[in-house]
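Participant: Take a look at the letters that make up each chain.
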Amino acid sequence: MSHPGESIVAVRGLRRSFGSTKAVDGLSFDVSRGEIFGLVGPDGAGKTTVMRILAGVLTADSGSVEVAGCDVRRYPESVKSHISYMPQRFGLYENLSIDENIAFYAGLFGVSRRQREEVAARLLALTGLSRFRSRLAGKLSGGMKQKLALICALIHEPQLVLLDEPTTGVDPISRGELWHLLYELQAQAVTLLIATAYLEEAERCNELALIHQGRLLACDKPEHLKRRMAGEVLRLVTPDPRSARDYLAAAEGVRNCVLIGDGIRLVVDNAELRMPELRSLMLQTELRFSSFEQVSPTIEDLFVAGAAGLLQGAPQ
Amino acid sequence: MNARRTLLVARKEVTHVLRDPRSLFLVLLMPLAQMMFLGYGVNLDAKHIPLCIFDREGSQASRTLLSWFGASEYFSVVNVLRTYDESVAALDAGRCRMALVIPADFSREVNDKGKTSVQALVDATDDNHANLAIVYARAVLATYSEKLRLDYLGRRGFAHQLGPILTVETRTWFNEELENRNLVVPGVMVIVMAMVGALLTSLTIAREWEVGTMEQLISTPIKPMEIALGKLIPYFAIGLLDTALCAEIGVYWFNVPMRGSIVTLTLASSLFLVVALGSGFLYSAVTKSQFGATLVALLMTYMPSLLLSGFAFPISQMPFAVRFVTYFVPARYYVTILKGIFLKGVGLKSLAVPTLVLGLYAIVVMVQVTAILRKTVD
Ligand SMILES: Nc1ncnc2c1ncn2[C@@H]1O[C@H](COP(=O)(O)OP(=O)(O)OP(=O)(O)O)[C@@H](O)[C@H]1O
Ligand SMILES: [Mg+2]
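The listed protein sequences derive, respectively, from chains B and V.
Quick note: the first sequence uses the numbering used here, first residue 1, plus one each step.
Quick note: the second sequence uses the numbering used here, first residue 1001, plus one each step.
These are computed hints drawn from the structure, not numbers from a lab.
All C-beta atoms, glycine included, are put in the ideal place defined by N, C-alpha and C.
Heads up, a few of these hints could be off.
[To be verified] Simulated restraints on C-beta separations:
1. B:Asp99 <-> V:Thr1376: 24 to 32 Å
2. B:Pro172 <-> V:Met1303: 49 to 57 Å
3. V:Val1251 <-> B:Asp71: 58 to 66 Å
4. V:Arg1019 <-> B:Gly169: 45 to 53 Å
5. V:Arg1374 <-> B:Leu259: 40 to 48 Å
With the rest of the complex left out, here is chain V (with noise of 0.2 Å):
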């Protein structure tokens, strides 16, 4: 290791970037235009879900409890349906997540038996969601029947001020509105650090086989590791640049709680970068074109990030195989530590798992760049 020509390496760089606008480009203006692209984009709400309605009575009892649904911001009633039938048909055309079936005897076993049964036919292929409007459509019937049963007492001469003796209250913690964004903005951040890391190494690399200076450079008797390390650090600076300016997105533009500590996220955010960087020279030795290199990295790292990460899919809900995968994906480590600083506010303590197996991410990948980057054209 010769720090002389690493730095002279790093100068290099920075050159490069300042000179080249495209690089200018994808470093500013992508992470700012992907947190703006997926922020408003991916949406994880469960708020307003399309609601089909098919009431086989059509009495006073039934349209109150319908109007119910309609009044709750949990819910949008899209349609009214006349037939078992149109409500499946709307089911599968995906008109409604949800279609709610009063039977024709509502009323009269309300008042007969006092209980009774309403049919909830739920779109299950999202099953995040399917799980939401079901929690939800069960608060709406619970407080629908403790109406109900507060009317029949006061009916009975009780006194009306008695009030609900217990209510269920859910509260999720953490991220109290479940505010769709506050999730979201984490998430997208893990995609757009993994991607942007890895596209910054793997065009510089991939762009010097392309273009022939590799092949001068390595004529010289630089070392492998001092090409790797002098790439690296105006790159980190970058990466890190970066996460300042989607962290600062996700506070100001956002409003996502950032509840933890700067040095926290700076420390899980560098070995992070350590590691999409690092891939990034994986991918460009590997391909040796800028087309090639983008392909992979974009692929390797999209993909994963968006699907595997935890941030739009639950892993607790994951089939055993893809679960088991999701432990080579390090980005799920990043979503997991970036959800607990932002919306937590935990402390490294809290997150040393994560942040352990993170960093042990960046030291075998930086093993392979040096054992991958060769000073050979063959």
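Just chain B, same shape as in the assembly (with noise of 0.2 Å):
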């Protein structure tokens, strides 16, 4: 069944405004079968919206949209019994206990009462859910929540599963062991489409979509990613970040210079050659500084370098 490489999902110049806002700008990028993609964006990037196109949902202004072989944009319809859809919010029937849930939906999607009671047996107790099967949906803690949303978006075994924000106010347990179950479902051949705008979460996915403004800043695989980053990484841990950046922001080699934590992040042309440099330059004011050096870019690092341009080989 499963083609690796093959695209599942393909997506080409898609537009779609609210008013004036454009939440999505031009997007194309293309999800491969099997692989784990993750749509990555800060707060009103536009992941949602293309989550619920994706699912046939909302309708684009244009573009082509192509889903498990479907042209959603002509027959939204015609995706809906291959896919899965789950929304940001939480989207189950609050008075019906887990059980109804699962049977509520397993029946909308024809599911069969032994595929449903074999599927939901292995996921409540993959999900540790086993012991709550009557518990009502609105009285399970988030984690739950979250997991019983996925196991009613697996009941009928689809092929693609679109998740957005999945791990949203989740436990850092539970979200433990919903990752647990969503490398269980790519072994299983099944496609997953992630947005999220958790960067270290983003880390465990084979593929990512970097989303600012609507638009596709880079795709490529994590590490790939990182190798296309134009100069490196400086991390400068200062009691006083902001007077650091203001000071360092202009000084040569540097490309750009962000407040992350209780630092700054500086992307430099050549790391050797501009620490030195940026040490001196430091110690001849009253900036204190605990830590400088040199380390490796992380996702968070190649949002804001591609925010700034600094990503090569970019897709215009």
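Starting from two chains that each stand alone, build the complex the way the hints lay out.
Facilitator: Listed below in structure tokens is the structure:
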């Protein structure tokens, strides 16, 4: 069934505006069968809009969208039985129990009773929800709700699962368990398209599309993306990061400089050359710093670099 | 159309109602409360019309006439006035609906010419009541003059036992006692059914949009018609239950006669329910919020079915433009049918026209529902 490399989602020149807001502004990307594809972007980047269009619940303004061999723009209903979509907001019925929600969604997809019982038992066991089968969905914790939503999304064994920020508001342990389930699915050749604003989560994907203001910054494997970064990353930890940033941003060889956590991250053309220069610049001032080192770029760095136009070979 | 998916939605909806005390309240208590509230509150009764009296003569004869008005159950004398201006002021202030002015030469005219007139000033802001007041006043005056005539003949030696030669007796058919409640109860039923029907469906759809379950639901292969029918079936059943509840209250609590057949009542109510439930879908599909849908549903059902259905204000007395509008108020036909069933006991044959029109509305609304229920969030 699965042919690695063959694309299951093909998006070309996708646009969608809400009034004057261009939520999706000329997006193109492909998702290959069997991969975990991450749609990464900050709040308001347009992730949900893309997911909704792919799921056939929102119309696009222009562009072409092919999902699981169906032209979604023209036949939005045809795609719905082959895929499943888990909205960003919990979409199950709070006054139905776990079992009732599963039975409802299984029924809508025409899943046989046997398949439903088999799949549900396996997924409930895998997520540790077996004990709570008769509990109302509204009485579940955030993590349990997301697991239930995922089970309902998987009950008809879709080829493609669209997950919009599945781990937002979920505790780290449940998040780990959810990812365990996602890897399990990948092993069964299910394609996963995950929208996320968590960059550490993005590193778990096989392929990433970085989205910013409805546009694609870059689309590649996480490790390739890191290599495409034009420059090297330095991390400076200081009690006064704002002043340090203002001071160093204009220094020679510094391409980008942003506040992150308790320090600043600088993108420089050549770390070996610039480190000593910047260190001596800092020493000429009152600014104190506890550490200054070269680090390997994270997705977050890529994002910042991408937004600043510092990703080589980025799509036009 | 997939029957299994439709039934799944229907079953889920029943579970929601049973588990949510608020919807149970809406389903059972609201119709009950509305029937009681409106049944007692809406007063179309024309008895005890407040009457002011300005007696310019103050003779034995004029006082007798006025005592007749006082004794009639149609009037209550609320004020005895001393000037014409006071009478006008009393009308303006709404202290009375009618002011009766007896001329200074009342008994002289009666004795000399054998005829006279009294002046009745009527507050016609509510022309219904004004008309009734005039009719009743004429009736009282007619009986009084009849008596005068007989007295006169009696004094002339004619046998007293002649009795009145001719009397005018007004008979109101179908509602013999002109009982307020007999007219109000069918009308209130219409309002309650229109409102409950529209609220039930508009709330269930709007809630799904608001809570976010609709987005999940429309991402499945379910068809709009299946959602609509699945939600319609349980609320239709509930609506019929409410109709029965209202009818029982009408018959057993307010003692409204039930002269027609239950079958006709059920059929007409079913059609009206489809219209009411269907319009609830339309309101919620447009507003997508529970608050908005409730507001629109109340506005679109309560007012038209109260004002334009012909229950509180007779359609024949409305200005042409308004009368034209009433043809587009489905409640109008349901009122006609209910009055026909309860008060006249007529069968389906006599009610064919309003029933057919209701059926037509039911179809139109459902067609609109399927057209407007889209499976997209935008
Ligand atoms: N239904 C809508 N009506 C109006 N504007 C919208 C609508 N949906 C999205 N937008 C706007 O489009 C832009 C993209 O929104 P979208 O929800 O796709 O972003 P997102 O990446 O999912 O963000 P988040 O991380 O907050 O979920 C935002 O500016 C948002 O305000
Ligand atoms: Mg989103």
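Participant: Against each hint, give a clear statement of whether it holds in the structure.
Facilitator: Verification of the supplied hints:
1. About 30 Å separates the C-beta atoms of Asp99 of chain B and Thr1376 of chain V, a value consistent with the hinted range of 24 to 32 Å.
2. A hinted range of 49 to 57 Å for the beta carbons of Pro172 of chain B and Met1303 of chain V is consistent with their spacing of about 55 Å.
3. Hint check: Val1251 of chain V to Asp71 of chain B, Cβ distance near 60 Å, so the stated range 58 to 66 Å holds.
4. Against the hinted window of 45 to 53 Å, the Cβ-Cβ separation of Arg1019 of chain V and Gly169 of chain B comes to about 25 Å, which falls outside the hint.
5. Arg1374 of chain V and Leu259 of chain B have their C-beta atoms about 45 Å apart, which keeps the hinted 40 to 48 Å range intact.
In terms of the numbered hints stated before, the structure departs from hint 4 and from no other.
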